[in-house]
Amino acid sequence: MSRDASMLLPNAMNSGVNSSTAATTTCVEYYNVTVGGNSTNITVNPQGEMLGIVLTWLCAVCYIIILSLGWLGNGLVIYVVLRYAKMKTVTNMYILNLAISDVLFIVSLPFLTTTTIVKHWVFGFAMCKIYFVLFSINLFTGVFTLAVMSADRYLAVCHPIRSLKYRTPRIALFLCLCIWSVSFLVMLPVILYSTTVGHRTGSSKYTCSIQWPDGQPIPSDKAFIWYSFILGFAVPVSLIAVFYMLVVLRLRQVGPNKKSKEKKKSHRRVTRLVLSVITVYVSCWLPYWIFQVDITFRTEESEQLVKWKIVLFNVFTVMTFANSMFNPLLYAFLSDNFRKSFKKAFKCASPRDVNKSLCNENSVFPKNSTAYNRSCAATATTEERMELSTFDNGNGASQMTQATTVGNLADVTNSSDIIHAPLSETNSLRSVQDEEGYLKPPVAL
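The numbering of the sequence shown is our numbering, which starts it at -2 and goes up by one.
I should point out that these hints are in silico values taken from the structure, not numbers from a laboratory.
Glycine included, each C-beta is placed from N, C-alpha and C at the ideal position.
Since no wrong hints were added, every one of them can be taken at face value.
Listed next, with one range per pair, are the computed distances between beta-carbon atoms:
no.: 1; residue 1: 239; residue 2: 280; range: 13 to 21 Å
no.: 2; residue 1: 202; residue 2: 340; range: 43 to 51 Å
no.: 3; residue 1: 276; residue 2: 308; range: 20 to 28 Å
no.: 4; residue 1: 61; residue 2: 163; range: 39 to 47 Å
no.: 5; residue 1: 309; residue 2: 171; range: 37 to 45 Å
no.: 6; residue 1: 69; residue 2: 162; range: 36 to 44 Å
no.: 7; residue 1: 80; residue 2: 202; range: 43 to 51 Å
no.: 8; residue 1: 119; residue 2: 162; range: 49 to 57 Å
no.: 9; residue 1: 57; residue 2: 170; range: 31 to 39 Å
no.: 10; residue 1: 171; residue 2: 119; range: 39 to 47 Å
no.: 11; residue 1: 245; residue 2: 168; range: 23 to 31 Å
no.: 12; residue 1: 182; residue 2: 61; range: 31 to 39 Å
no.: 13; residue 1: 115; residue 2: 175; range: 34 to 42 Å
no.: 14; residue 1: 273; residue 2: 243; range: 17 to 25 Å
The task is simple: from the sequences and hints, build the whole structure.
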């Protein structure tokens, strides 16, 4: 025997009660749901039936729009970051990871759209597991990536010098792989217990749902809702809030120096982009999680409430998928580099032309890339290559970082106080702090 899940994940439609039948039908259908542990028949009047048909097709149209725009937008993000050397920055590596997660999430939409229309699962047992895995990937990978992006912004703004060796594209790639590994581990229950279930004995219609084992002290379905809510939303969002409070406090401490204002403006530009992505994510997912947590507290529900919960669940599910469509739009509106890259990609411009047109608005470039060696040469004058950043410390003094040309060219980015210069295998750079608290230019050892 097994317990039918109060579906954490959207399997076409979810009534928010323990019922596999309601989970794959719409409010236009006849429901055989469990209310307070008793089997209850819920029917709809002609007006309610017409409303149900309209809502069903509205959901289907929304899914198709999200599918089309989401694939196009996130596909462009993946293309420009991988194609253009100057886009391979630390922040953009995390954005790339988020775009890949969104694409996989959107891949599940054709299954959901079809099931919304035909009102039962038609893709079989194996695809049922794949569907749940695709949804779970974004559920965990997306928010974990946002948490790491927030930590990266904190390091870039609050500890620019000490974080120098940690904020590199290679380490960002390693962290992205760790995010995928952890996400796979936390969604193992979905892989193990997702299955197809017949609507009733002898029925040829099936539901794709999670079947939990019976006999547990706490109902498994409710336990999994809390497990996923805590790991996949509450903890990551709390960490994000802490990191950004520290970032805001730090940015307010920037001194009056003109260069400091420019540095502060640059920090704010990148920070605003990341914060906007996080804000949209929370706005799209918070109603869904409130709905899911509410399920764990309710034992008895009226027929009318069940009907409204079915409608609300569809709205909240559309919002979660829409989040994956919104992200590329945010990049285009808030990042000059992404906006220029998107335009150049549509014009099939050469990578050389694209790299020349991009500015240094993000963190660190790979050492061996063309963008690393020539990033400033294309867009900056000799004077602009001298990066001067001032942050007030607790004693009112200033910590100044100067970068000069060493060898070919020192690549100083405009958003993270990070200094790079071409290094040989036997040479390295060091910064020596003098008695006045200033950092001397990097010296080759």
